[in-house]
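Taken in order, these protein sequences are the chains called D and W.
Residue numbering for the first sequence follows the numbering used here, starting at 108 and increasing by one per position.
Residue numbering for the second sequence follows the numbering used here, starting at -13 and increasing by one per position.
Worth flagging that the hints you see were computed from the coordinates, not collected in a lab.
Note that the structure is predicted; figures quoted are calculated from it, not measured.
Glycine is no exception: its CB is placed at the ideal position from the N, C-alpha and C atoms.
Watch out, some of these pointers could steer you wrong.
[Claimed, not checked] Simulated restraints on C-beta separations:
hint, chain 1, residue 1, chain 2, residue 2, range
1, W, Arg256, D, Gly406, 38 to 44 Å
2, W, Ser312, D, Asp234, 50 to 56 Å
3, D, Ser142, W, Asp381, 38 to 44 Å
4, D, Phe407, W, Asp381, 41 to 47 Å
5, D, Gly343, W, Ala104, 51 to 57 Å
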Amino acid sequence: MKRFRSELSVAFAIVALLIVLAFLAPGFFTRENLSDLVLANMPVLIVALGMTLVIVTGHIDISVGTTFAICSVAAGEFAKLGLPAVGAGMAACVIGAMLGAINGALVAYVRIPSIVVTLAAMVAFRDALRWITQGAWVQDLPANFQWLGTSQAASNGITFLVAAALVISIGWGLRNLPAGRSVYATGSNENAARLVGIDSALVTFSVFAITGALTGCAALLNSIRFNQIPSNAGIGMEMKVITAVVVGGTAITGGRGSIQGTLLGVILLGIISPALTYLGFSAYWERAIQGLIILCAVGFDAVRSRLERSAGDFAERTA
Amino acid sequence: MSDLVLEAISISKAFAGVKALRSVSFELRPGEVHALIGENGAGKSTLIKIITGAVKPDAGSISVRGEHVLQMDPRLSKALGIAAIYQQPSLFPDLTVAENIALALETGGAWRTLDWKARSRRASQLLERAGASGTSIGPERLVSTLSMPEQQLVEIAKAIGADARIVIMDEPTASLTEREVESLFQVIARLRSEGVGVIYISHRLEEIAAVADRVTVLRDGESIATKRMDEVDRSELIRMMVGRELGSIFPKREIAMGEIVLELRDVSSRAAGMHHVSLNVRKGEILGIAGLVGSGRTELAETIFGLTPADSGEILLRGERVAITSPTDAIRRGIGYVPEDRPRHGAVLEMSIAANTSLANLRRVARHGLIDRDMERRLADKFVEQLRIKTPSVDMEVGALSGGNQQKVALARWLAIDPTVLILDEPTQGVDVGSKSEIHSLMADLAEQGLAIVMISSELPELLGMSDRIAVMHAGGIRGTLDRKDATQQSILSLALGHAA
Chain D
108 MKRFRSELSV
118 AFAIVALLIV
128 LAFLAPGFFT
138 RENLSDLVLA
148 NMPVLIVALG
158 MTLVIVTGHI
168 DISVGTTFAI
178 CSVAAGEFAK
188 LGLPAVGAGM
198 AACVIGAMLG
208 AINGALVAYV
218 RIPSIVVTLA
228 AMVAFRDALR
238 WITQGAWVQD
248 LPANFQWLGT
258 SQAASNGITF
268 LVAAALVISI
278 GWGLRNLPAG
288 RSVYATGSNE
298 NAARLVGIDS
308 ALVTFSVFAI
318 TGALTGCAAL
328 LNSIRFNQIP
338 SNAGIGMEMK
348 VITAVVVGGT
358 AITGGRGSIQ
368 GTLLGVILLG
378 IISPALTYLG
388 FSAYWERAIQ
398 GLIILCAVGF
408 DAVRSRLERS
418 AGDFAERTA
Chain W
-13 MSDLVLEAIS
-3 ISKAFAGVKA
7 LRSVSFELRP
17 GEVHALIGEN
27 GAGKSTLIKI
37 ITGAVKPDAG
47 SISVRGEHVL
57 QMDPRLSKAL
67 GIAAIYQQPS
77 LFPDLTVAEN
87 IALALETGGA
97 WRTLDWKARS
107 RRASQLLERA
117 GASGTSIGPE
127 RLVSTLSMPE
137 QQLVEIAKAI
147 GADARIVIMD
157 EPTASLTERE
167 VESLFQVIAR
177 LRSEGVGVIY
187 ISHRLEEIAA
197 VADRVTVLRD
207 GESIATKRMD
217 EVDRSELIRM
227 MVGRELGSIF
237 PKREIAMGEI
247 VLELRDVSSR
257 AAGMHHVSLN
267 VRKGEILGIA
277 GLVGSGRTEL
287 AETIFGLTPA
297 DSGEILLRGE
307 RVAITSPTDA
317 IRRGIGYVPE
327 DRPRHGAVLE
337 MSIAANTSLA
347 NLRRVARHGL
357 IDRDMERRLA
367 DKFVEQLRIK
377 TPSVDMEVGA
387 LSGGNQQKVA
397 LARWLAIDPT
407 VLILDEPTQG
417 VDVGSKSEIH
427 SLMADLAEQG
437 LAIVMISSEL
447 PELLGMSDRI
457 AVMHAGGIRG
467 TLDRKDATQQ
477 SILSLALGHA
487 A
C-alpha cells in the first residue's frame, strides 16, 4: 500500500473539500456545473499525462502552453482547408509531436537542460505564432468542426471517452510495460539505466514527443467546444499542468510519480477555484487560498516522507 | 588531573525506544590513535555524533581535557578543538580550496573585507602541513576538480587550521588507493607527534593494525572491549565485532576450472585510455584485477561491457569472436557488471528491490511483453533468500537498505540475467565486515557454479584472498599476471607502481 500513500493525502483533500461543499453549497453538485468543470479541465488533464512522464524522467516542459496554442490554431486552419475534424485533430497531434520532438532532441542528444530548451521554445514559438496570425483568431470554422459535426452531448461524450482511454492506457503502460520501467529508471538513476542497456536518451526524447502529441490532442478537444479559436490560447497552462502533476505526488526531481496521482492532482486543482466561488470567497482570495492548499498537499508529503525516511534509516541502523 | 584529551563516560542513547548505545565509555589520550570498530549499526556513528554534539545523549558525561562539558553542541565541540573528517568530504565544490578552508576558519561578520592574499597564503601553509606538498592541490583550484583523496587532504588542512586537538576520521580510506592510504598515515603520524588525539573508524582491520595504538570494539550498542593493538590479533577483533567466528576470513575454495570463457587479445580503446590488454578467465575462476586508481581497471571493465567499446584487438567469448559495442550486447551475451560507486551507477534507490532485480532482464519476468509482477516478486524473493538480503519485503525501496544489502541487490540484478561472466568492481567497498564475508562466500559459490568472475579491487588482502590469478594494471595496460601461489602484497604493489615483475 505504500505506493499509494502519497496519493491518499490528495484524495483526502478532495473528499474534504467535497464534504464542505455538500453542506455549504449544494448548488455545486448540479449536473451542468460538474459537466462544465470536467470539460474545462480536460485539456489540463491530457497534457498532465505527458508532463508526468517528462517529470518522472527528471525533466520539465514549460512549452506546453505554446504548443497548445499552435496546435489549436493549426487544427482550425486545417479544418478550414476542408479536412474533417478527426483529420484536423491528427494533424494537430503530429505538429505537437514534432514540436515535442525538437525539445526532446535538444534535451536528450544535445544535452541542453530541459528548462532552458523549453523556455526558449515557449517564448520563440509563441512569438512566431503571434507574427504569423498577427494576433487574429481563427474564425468561420466549418460546421463539421464544432462538436465534431455531431451533437454537443455526443461530442462531450467522445471527449470524455478519449480522455478516459488516455488516462487508463498511459497509467497502465507506465506500470506494466518494460518501457514504463525505463522511464522510472532513467529518471531515478540515468547511469544505472545506461548500464542495464536502457537507451535513456531515447526515453527522454520519446517522453517529450509524447507530451507534444498529447498537447495536440488536448488542443483539438478544447477547440471543438467553441466556434472560434483564440491565437493566444494556453497562456499559463504549463503552470497549471506542472502544479497538478506535483500536487499528485510526482517528485520534481524525477524517478517517482504515477498517473493516478496526476489524475487526483488535476481534480483537486480543478475544483478548488470554483469551490471557493461557491463558498462565497472573494475572487481576490482565490489564488492565495489555492496556493495555500497546494503548499499543504505538497508540504504534508514532504514532511511525512522525511519522517518515514529517517525512521527507515534508523530501523536500518539497528537491524 | 587527567591526562586524557577526551573522556566519555557511560554514554547511553535510545532512539524511539531502541537502545543505540548502552553505557559506553571511551577515552582518548593525547598523541594516541584510538580505533573504533564494529559492524554497521553497532553504534559507532551515534557515539561520534554525541562527541561532536550533533546528538544529545540520554545519560552519561563528556569531558574534554579534564573539563566536564555540560551541554555539547556542534559549535562548542568545534571551539573545544574537535574536528571530524568523514568518508565523503563535505566541501563546497564550486568554491576554491582557499575559500573552503577560509569558510571553516575565518570568523567575523558578512560585511568584513577580505584579504585574499593572506587567505591564499594560509591555505598553502595548511595544505603543506596536511601533507599536500608535492601534489597539485593549489589554493586556487576549484574543489570540484579535485579527486576524492585530494578533497580529503583539504579536510585535514581544515582540521589542522582549526587547531584541532581531537580529530575524528570516519572511514577516511574508503575511496583511497594503497599509496594514498600511506600518505594519509604519514599525516596521522604527524598529527600524533603534535599531541593530537585521533579517533579512527574503519572496516579495514589491516589498516587499524598499522595505524592504531588502541582499539575499542562496539557491538549492538555496547562496548565489548578496549585493547592495546599489540594485545589482539585480527581474528580476535572479528570475533569481538560479530560475536561469532566467521568460518575463515576469505572463503576461497579449490574449484576445478573449466574452459576459457572470456578472452581479450591485444585489446585497446583510445576512448578508455587502455592499450594492448590481453587476458583470459576460465569457468570457475576468479581473476583479480589490481592497480592504483587511474591505472585503467574500471576502464577495462567498461570496455568489456561495451560502454567504451574496443577499437582494436579481439574479444572472444567461449572461443568465438564477438563485437560488444553497447551494454545491451554485453547483457545479451551473458556478461554482468556490478560497478563501483553504487549510489551513482548501481542500485536504483527509488525503485523497489523487485524492480531493481528484474531491471537488466525484464524479459525474464514479462509475459507477452507485459511485466508480470508476481513473477517479478518471485524472482526477487529467490535472490533475497539466496543472497540473504535483510529486508521485510521485496517491495521495499532499495534506498532504505544498508550499504551491504544495496550491494547485494545490485548483484542480484546481474545474477538474474544468468551470466557466464561477472565483472565486480570494488565489490565490498564501504560494506561492513559481516556482509563483506557473505559477499566473499557468495563469490566462491558462484565460481563453484561455473561462473567466470573478474574482480577489481583496491584491497590487497581481498585480491590475495579471493583470486586464482591477479592481473596487475599500470597506466592503461596489464603490467603482469600473478598466480595465486606467487602473489604477495609486495609483488602486486611493485607491478602496480610500474616496475617489471
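Right, here's what the structure says about each hint:
1. Checked against the hint of 38 to 44 Å, the C-beta distance between Arg256 (chain W) and Gly406 (chain D) comes to roughly 51 Å, which is inconsistent with it.
2. Between Ser312 (chain W) and Asp234 (chain D) the beta carbon distance is about 41 Å. The supplied range of 50 to 56 Å is therefore violated.
3. Between Ser142 (chain D) and Asp381 (chain W), the C-beta spacing of about 39 Å keeps the proposed range 38 to 44 Å intact.
4. Taking the beta carbon of each, Phe407 (chain D) and Asp381 (chain W) are about 23 Å apart, not inside 41 to 47 Å as hinted.
5. Checking the proposed 51 to 57 Å range against Gly343 (chain D) and Ala104 (chain W) shows it holds: the Cβ atoms sit about 52 Å from each other.
In this structure, the earlier hints numbered 1, 2 and 4 are contradicted, and the remaining ones agree with it.
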